[in-house]
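Going down the list, the protein sequences come from chains A and B. Counting in my numbering, the first sequence runs from 1 upward without gaps. Counting in my numbering, the second sequence runs from 1 upward without gaps.
The reader is advised that the hints may include incorrect statements.
Said to hold, decoys possible - SDA-like, lysine to any residue: derived pairs with alpha carbons at most 25 angstroms apart:
no., chain 1, residue 1, chain 2, residue 2
1, A, 369, B, 42
2, B, 93, A, 332
3, A, 396, B, 110
4, B, 84, A, 415
5, A, 369, B, 93
6, A, 60, B, 17
7, A, 423, B, 78
8, B, 93, A, 326
9, A, 278, B, 110
10, B, 74, A, 323
11, B, 84, A, 404
12, A, 236, B, 41
13, B, 3, A, 323
14, A, 60, B, 31
15, A, 423, B, 47
16, A, 60, B, 15
17, A, 369, B, 43
18, B, 93, A, 419
Don't read these hints as lab results, they were simulated from the structure.
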Amino acid sequence: MQVHGPEHITGEQRCDHLIIGSGAGASVSGLELARQGHDVVMIEEGRHHPTASFGPDIGKQTAELYRNGGITPMLGLPSIAFAEGRCVGGTTVINGGLIWRTPPWILQEWREKYGLRSFDSERLERHFISIEENLHVVRAAVSQNSGNLDSLRLHEGARELGWKSVLVPRAIRHCKNSNLCPTGCPTGAKQSMALTYLPRATDHGARLYSECRALKIEHSGSKITGVVVQVGSTGKRIVRFKCDHLILGAGAIQTPHLLRRSNLIPRGGNFKFHINLKFVAEFDQPVHAENGTIFTAQMQEFARDGMLLMASNIKPAYVALSFATRPASEIESILSRYENLGTYTAIIRPKGIGRISSSFGQQPLLRSKLEKSDDQLIRDSCLKTVKVLFAAKARKIYLPLAGTPFVTSCSQAEQALASARIKDFELVSVHAMSSLPMGSRCGDSLIDEKGKLANCRNLYIMDASILPSNMGESPQGTIMAFAHELSERYIDSH
Amino acid sequence: MWKSSVRGIILSQIQFSFQAEPDLDLERVSSQVFSMLDNLAWFHRFPVVTIASVTTIFCVIRYRKSLDALSQKKRQQFIDNAGKLPFWGLFHKLISSITLLHYFDNPVISRNLNIASPRP
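The following block holds chain A by itself, in its conformation from the complex (with noise of 0.2 angstroms):
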């Protein structure tokens, strides 16, 4: 794939289709629009990174492909930690490659409650088909001699509970079990968009440019005319890329940062966000967690009250992160026992919102707001997570909480968990979407069905903010298929 560094860029550049990002939405549109011959330049914050410099150094690579190096808190009670990926494919890139159809439920909920009439499960069944031949999408085996035993763990408790629980479909090829998708794929198993749909785009005529930082949208009335982009890592450089039309697929944050920013829409905003709470169970037999890989089986049980149960990636450093508020002593000892431990990822759907400003420079500051049903959810998804663990022969279980030492039954994690504080539980975040919903009801949207922002006739958005709440569920392939079918309605109006 060719991708232009900053050292390609002199003077100004011009171009009928301007994509800004490179992540799931922003892929999908570069390749069906040069796939018809349109004149398309894609532009990243980030760097290109090569499967081939992907190693098992997880420190340095978090540092480079993550937006902050990993480090981006969203403030509140409690502070949440979220992260994205900022390089050449975005988030996908640094994502476990879950690729789920979007729920008919869903979808449903969608049009009733928001108002989007024209998506429905028919319409986007084709467009998942082809993502899922696109991505090679499979689901892993989980078996005893499929190195993923802290899958079948949880497989196992949940039957022995009679709780729901599936394979998970994943966009990996040949995979061998390196356990390091969230800090990039280094056999190039995982089918991210670098290694997929860019490529395509590319061959197909469209020109993408990396480390380019897009700072601010020029207009003309509802006419935008360009791009103020910062080119390199010094800040120094700044070239206009004029455009005949613009589609942002920058993602959930930094989409409405931008508009913000370039006065398109008005300040102060919410946004809607997965949480992820991470519990590391120690098993009597050794599970060798390491020799499998992230997130090949789901406990459902549970989805449409907001919550869903996965087995995680487990590497020395991911646990230790897990403990990061316990003392080293109590890291070590836990450590030592490393080859019978797993890690689980338990996602909520919470109803609270996350608010970005705009206001204080380059960088938007995000805050989160969790509602008391919210407080409730977490806590009855770590008794969930803790009864089907224990169900799974787990011998301990280290709860999400500072300075909770472990569990050996569900009556202790009870007590545990009614005497913590909300502020004592530690949530990261890796999926925001719904910052500018599409839907009729989403309050006064400013996105039609054809992902165009209200009052720009040329100005057109197709990533994670355009979905009208959160889903409960991974996003990419609902992000995918809707930019797929945007992408569609686009190119039918030019």
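Starting from the structure of chain A, add chain B where the hints point.
Just chain B now, kept in the frame of chain A:
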């Protein structure tokens, strides 16, 4: 001044018996932690530097030494007590998280932990 408190927290977090080379570990992890703090947006970096500076002042008043110059026992004692201060928990967690993330990025430490288990 503020860096001595950050270094103190780093030191308290890497007191493992399976250290590779203690001095090099400290140097390697510290440079990574400070580099990540330098890259924070100003509205995140400012409170971090403020809390670290206040910590240093308290520590010097209490022990006449900065946090990184204290014995491990006294340092841990101070950190435990500081937990009662507002925002300290968030600050401590931030530094500890970055520290642990980078500390375990060393194959020698993985080997010392006997982690390289055979693949199936």
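Evaluation of the provided hints:
1. 369(A) / 42(B): Holds - the C-alpha atoms of residue 42(B) and residue 369(A) are around 22 angstroms apart, at most 25 angstroms.
2. 93(B) / 332(A): Between residue 93(B) and residue 332(A) the Cα gap is close to 17 angstroms, so the pair holds against 25 angstroms.
3. 396(A) / 110(B): holds (23 angstroms)
4. 84(B) / 415(A): Roughly 23 angstroms between the alpha carbons, so the hint for residue 84(B) and residue 415(A) holds.
5. 369(A) / 93(B): holds (20 angstroms)
6. 60(A) / 17(B): holds (24 angstroms)
7. 423(A) / 78(B): holds (22 angstroms)
8. 93(B) / 326(A): Distance of about 9 angstroms is within 25 angstroms: holds.
9. 278(A) / 110(B): This hinted pair holds, its Cα atoms lying about 22 angstroms apart.
10. 74(B) / 323(A): holds (22 angstroms)
11. 84(B) / 404(A): Holds - the C-alpha atoms of residue 404(A) and residue 84(B) are around 16 angstroms apart, at most 25 angstroms.
12. 236(A) / 41(B): holds (18 angstroms)
13. 3(B) / 323(A): holds (23 angstroms)
14. 60(A) / 31(B): Answer holds: residue 60(A) to residue 31(B) is near 12 angstroms, not above 25 angstroms.
15. 423(A) / 47(B): Holds, because 19 angstroms separates the two Cα atoms, which is no more than 25 angstroms.
16. 60(A) / 15(B): holds (21 angstroms)
17. 369(A) / 43(B): holds (19 angstroms)
18. 93(B) / 419(A): Given that 25 angstroms is the threshold and the Cα spacing comes to 21 angstroms, the pair holds.
Taken one by one, the earlier hints all hold for this structure without exception.
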